[in-house]
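Trainee: In the order they appear, the protein sequences are chains A and B. Note that this note's numbering numbers the first sequence so that position 48 is 48, with each residue one more than the last. Note that this note's numbering numbers the second sequence so that position 614 is 614, with each residue one more than the last.
Worth flagging that the hints you see were computed from the coordinates, not collected in a lab. Beta carbons are placed, not taken as given, at the ideal position from N, Cα and C, and that holds for glycine. Hints may contain errors.
A partial selection of chain A residues facing chain B, derived with a Cβ cut-off under 7 Å [said to hold, decoys possible]:
hint : residue
1    : Ser4
2    : Glu10
3    : Leu25
4    : Leu28
5    : Tyr42
6    : Phe45
7    : Ile46
8    : Lys48
9    : Ile50
Restricting the straight-line Cα-Cα distance to at most 20 Å, the calculated cross-link-like pairs of lysine to aspartate or glutamate (DMTMM-like) are [stated by the list, open to error]:
hint : chain 1 : residue 1 : chain 2 : residue 2
10   : A       : Lys9      : B       : Glu237
11   : B       : Lys497    : A       : Glu5
12   : A       : Lys6      : B       : Glu524
13   : A       : Lys47     : B       : Glu259
14   : B       : Lys226    : B       : Glu515
15   : A       : Lys21     : B       : Asp480
16   : B       : Lys202    : A       : Asp54
17   : B       : Lys55     : B       : Glu195
18   : B       : Lys151    : B       : Asp93
19   : A       : Lys6      : B       : Glu195
20   : A       : Lys48     : A       : Glu5
21   : A       : Lys47     : B       : Asp550
22   : A       : Lys21     : B       : Glu94
23   : B       : Lys622    : B       : Glu505
24   : B       : Lys491    : A       : Glu43
25   : A       : Lys6      : B       : Asp550
26   : A       : Lys21     : B       : Glu515
27   : B       : Lys590    : B       : Glu94
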Amino acid sequence: MPISEKIIKEIHDLSVPDREKQLMLDLLNIEDLGVYQYVHPYERFIKKYIQEMDMSVDGEGSGSVK
Amino acid sequence: MILIDKIVFENYRQYGSGTLRFTTSDKSKLSVLIAKNGTGKTTLLNAITWCLYGKELHLADADTALPIVNESIVNASADEAFVPVSVKITIIDEDHIVDFKRSTSFKVMRDSNDVARVIPGSGNFTVTTTASHDFENSQVCQGVDADMVVKQYFDEAIFRYYFFDGEKLRDYFAVGQSISIKSSIFNISQITLLESSCTHLKKIHGDKNRILAKGSPDIANLQSQKDTQIKSKKVAEDSLAANTAALEMLRKEQADLNEALRGFEPIKKLQQERTELEGNLAAVISEEKQWHMRRSDFIRKYLILLNLYPCIKHTLDIITQKEKDGDLPPAIDKDQVKMLLAHLDEPCPLCHGTIGETGRQHLESLLAKISVSSKTSNYLKEIKGPLESFLEDAVNYKNARNQLNQEEIDISARKEKITQRLAEINSYLSNYDSGEESFDVAKAENRRTIVNSQIDNANRSIGAAESTIQTCDGIIAKIDKELSDAAKKVKEHADIKAQLDVLEEMQKQFNGIKEHIMSAMRREIERTTWDIFDAMIWKSNTFGHITISDNYDVAVYNKQGNKMTGSLSATEQMALAYAFTLAIHKASGKNCPLVIDSPLGRVSDENRENMAKALGEISKDKQLIMLFTPDEYSESVRSMYDEFADVRELHLSNDENFIEGMED
Chain A
1 MPISEKIIKE IHDLSVPDRE KQLMLDLLNI EDLGVYQYVH PYERFIKKYI QEMDMSVDGE
61 GSGSVK
Chain B
1 MILIDKIVFE NYRQYGSGTL RFTTSDKSKL SVLIAKNGTG KTTLLNAITW CLYGKELHLA
61 DADTALPIVN ESIVNASADE AFVPVSVKIT IIDEDHIVDF KRSTSFKVMR DSNDVARVIP
121 GSGNFTVTTT ASHDFENSQV CQGVDADMVV KQYFDEAIFR YYFFDGEKLR DYFAVGQSIS
181 IKSSIFNISQ ITLLESSCTH LKKIHGDKNR ILAKGSPDIA NLQSQKDTQI KSKKVAEDSL
241 AANTAALEML RKEQADLNEA LRGFEPIKKL QQERTELEGN LAAVISEEKQ WHMRRSDFIR
301 KYLILLNLYP CIKHTLDIIT QKEKDGDLPP AIDKDQVKML LAHLDEPCPL CHGTIGETGR
361 QHLESLLAKI SVSSKTSNYL KEIKGPLESF LEDAVNYKNA RNQLNQEEID ISARKEKITQ
421 RLAEINSYLS NYDSGEESFD VAKAENRRTI VNSQIDNANR SIGAAESTIQ TCDGIIAKID
481 KELSDAAKKV KEHADIKAQL DVLEEMQKQF NGIKEHIMSA MRREIERTTW DIFDAMIWKS
541 NTFGHITISD NYDVAVYNKQ GNKMTGSLSA TEQMALAYAF TLAIHKASGK NCPLVIDSPL
601 GRVSDENREN MAKALGEISK DKQLIMLFTP DEYSESVRSM YDEFADVREL HLSNDENFIE
661 GMED
């Protein structure tokens, strides 16, 4: 079942970087799939997000989560 | 908008085989089925839930219900015949056609009185999705995938909000129902998705925190330990360099002094003797070292041997005695006798005759006489040689010990003699009166003694420095490895801290979104419930507003602001339930059809017209399939719906086995 338009809109309306919005959607998609072993998929997306953020800090001097 | 196009039955209960089509035109989406009680209205709701969820959720008592196969078809079937049963629901979702089909079969078994019974077979559920512009490429799915498609359209958790009995709508507000309603709202709005994600984020956060709690490695302490070792090594290196340089100078001075002393004619002979003695002393000292090593080997060897001596001696005595008795090797193999005794019922391997009772007794007495088997005999013979050798060594202990002691005495005597003679020469030379000679032997000799002593000291210092350097290098290498591991751990901890920040942030955001959506949905449902309720009820001056609490408890207030939910009439409660259900539908964001059995129930008078009118209005934007009894579909309702609704009547066949009024 795709994530509802309401949730997607709420996420898009947040004043956070796009990368963080994408991470939220990625995590909700894991839940939507009903994955029993969630830890690894969660960590994978969170580490990828941190990595992208670090690269952004090195390259552009921005990209804070908060 | 999602529309039910048709339901196709095959041997399903009273519906037998046929098709029910529903209007999906732009002009009207209201289908009315009129049927007397017991003519399949509730059965239609059960057919829908059986097709979608595999369960008939509107049965009065599932345990005592008849099988779903049409009874008349079963009675007409031969013994052991299979009767297929299926229900297929076709829906239209914008530009897609979706077929939900559940099928099963029943095996007919006839008893001795020719009464037919059925045995249910396994079922199958498929969902076929076809794009309206591409009929040739349908997608068929089964199992979990098929269930996921059902969940997408008609989530079982909230089936009561799609397919329901109008007369039971009031039960939606029974005590304890608000939790179920809230849970359904959470399902509709996918709040459960956010909640479940928050639970998982919290769990991962806890796990990571536990890793951090185990503590960070103390890099500063390790670095301090390494610095200490580097300092110690530096001191040792400096000492090594200084002593090496000093040693070089001392050796040169020693060589010069030796040269000068050797060149002075009056003591030339003594000098030569001393050089020779010093060489001999070095050889004796070397011999003494070797003697010490031999003594260590001797102690090790005899410590074991003397302890084991009684056992070795005893074992050898036994072997010797057995040899004397002629048991080694045995004349007859013990194992062979045992084998013969184990196979007494078989012919003798030698003569092929029967062994018999006498033979058995003979074999048993023979077995008692043979004390060792051939295998044991071979082993005892094998160890006899080495045991004798050990015993011989043990017997030689005293000789070996005496020889060793004698060697020590001999070495000590030679060493003593050389040392004594060297001391005499050294003393003589140290006190030698050179008289008028320009070369002062005593002075040179004394200096030589000092230099020799300094060389010994330098050598010892160099040895100690080299040992310290080696130890420091070992410790530094160990600390370096610990530092490398610690650095990795520190990096891991930094990564975990970064992950914790993200985990906390995600939880915060998801909780915020959850609160926002819940609040917005509650407000929307509150507003819509009031709008629909107000349109359905004929009283225009009584009711003021409706509130819905955070727990989804619905409350109705009068114009004066007093709560009056408990004072609502049965009709008003039903209207409130309708309004609330439709409001939930609207809030879900999915415009799904509603299938309602007895939509007006016992509602009468103006309320009946108002409610019918409100439902008619709703059908302009939403498909409604309403199942009426002829009495319920009164003249006032008929005059309202007949113009635009698709109305058909269902009847029972004369034999009451089938419902008529469907398409074939």
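Trainee: With reference to the structure, classify each hint as holding or not holding.
Mentor: Outcome of the hint check:
Interface restraint check for Ser4 (chain A): the shortest CB-CB distance to chain B comes to about 5 Å, inside 7 Å, so the restraint holds. Restraint check, Glu10 (chain A) versus chain B: the minimum CB separation of about 4 Å is within 7 Å; hint holds. The interface hint given for Leu25 (chain A) is violated, since its Cβ lies 11 Å from the closest Cβ of chain B, which is over the 7 Å cut-off. Interface hint status for Leu28 (chain A): upheld, as the beta-carbon distance to the closest one in chain B is roughly 6 Å, under 7 Å.
The interface hint given for Tyr42 (chain A) is met, as the beta carbon of that residue sits about 6 Å from the closest beta carbon of chain B, less than 7 Å. With a least beta-carbon distance of about 10 Å to chain B, the hint placing Phe45 (chain A) at the interface is violated under the 7 Å criterion. A cut of 7 Å between beta carbons decides the hint on Ile46 (chain A): the least distance to chain B is about 5 Å, and the hint holds. Taken as an interface hint, Lys48 (chain A) does not check out: its beta carbon lies about 11 Å from the nearest beta carbon of chain B, beyond 7 Å.
Because the closest C-beta pair between Ile50 (chain A) and chain B is about 5 Å apart, less than 7 Å, the hint holds. Note on Lys9 (chain A) and Glu237 (chain B): the hinted pairing is violated, with a Cα-Cα distance of about 72 Å set against a maximum of 20 Å. The straight-line distance between the Cα atoms of Lys497 (chain B) and Glu5 (chain A) is roughly 33 Å, outside the 20 Å bound, and the hint therefore fails. The suggested pairing of Lys6 (chain A) with Glu524 (chain B) holds, with an alpha-carbon distance near 13 Å, which does not exceed 20 Å.
Of the supplied pair hints, the one linking Lys47 (chain A) and Glu259 (chain B) is violated, its CA atoms being roughly 79 Å apart against a limit of 20 Å. Restraint check for Lys226 (chain B) and Glu515 (chain B): the C-alpha separation of about 55 Å exceeds 20 Å, so the hint is violated. Taken as a hint, the Lys21 (chain A) and Asp480 (chain B) pair is broken in the structure, with Cα atoms around 43 Å apart against an allowance of 20 Å. Restraint check: the Cα-Cα separation between Lys202 (chain B) and Asp54 (chain A) comes to about 24 Å, which exceeds 20 Å; the hinted pair is violated.
Using a Cα cut-off of 20 Å, the hinted pair Lys55 (chain B) and Glu195 (chain B) is violated, with the two alpha carbons roughly 28 Å apart. A distance of roughly 14 Å separates the Cα atoms of Lys151 (chain B) and Asp93 (chain B); the hinted pair therefore holds under the 20 Å criterion. Straight-line distance between C-alpha atoms of Lys6 (chain A) and Glu195 (chain B) comes to about 15 Å, which keeps the hinted pair within the 20 Å bound. Pair hint Lys48 (chain A) plus Glu5 (chain A) does not hold up; C-alpha atoms about 25 Å apart against a cutoff of 20 Å.
For the suggested pair Lys47 (chain A) and Asp550 (chain B), the alpha carbons sit about 36 Å apart, so the restraint of at most 20 Å is broken. The straight-line distance between the Cα atoms of Lys21 (chain A) and Glu94 (chain B) is roughly 29 Å, outside the 20 Å bound, and the hint therefore fails. This hinted pair does not check out: Lys622 (chain B) and Glu505 (chain B) have alpha carbons roughly 40 Å apart, beyond 20 Å. The suggested pairing of Lys491 (chain B) with Glu43 (chain A) holds, with an alpha-carbon distance near 16 Å, which does not exceed 20 Å.
Of the supplied pair hints, the one linking Lys6 (chain A) and Asp550 (chain B) holds, its CA atoms being roughly 19 Å apart against a limit of 20 Å. Distance hint between Lys21 (chain A) and Glu515 (chain B) is fulfilled; the C-alpha atoms sit about 17 Å from each other, no more than 20 Å. For a cut-off of 20 Å, the pair hint linking Lys590 (chain B) to Glu94 (chain B) stands: about 12 Å separates their Cα positions.
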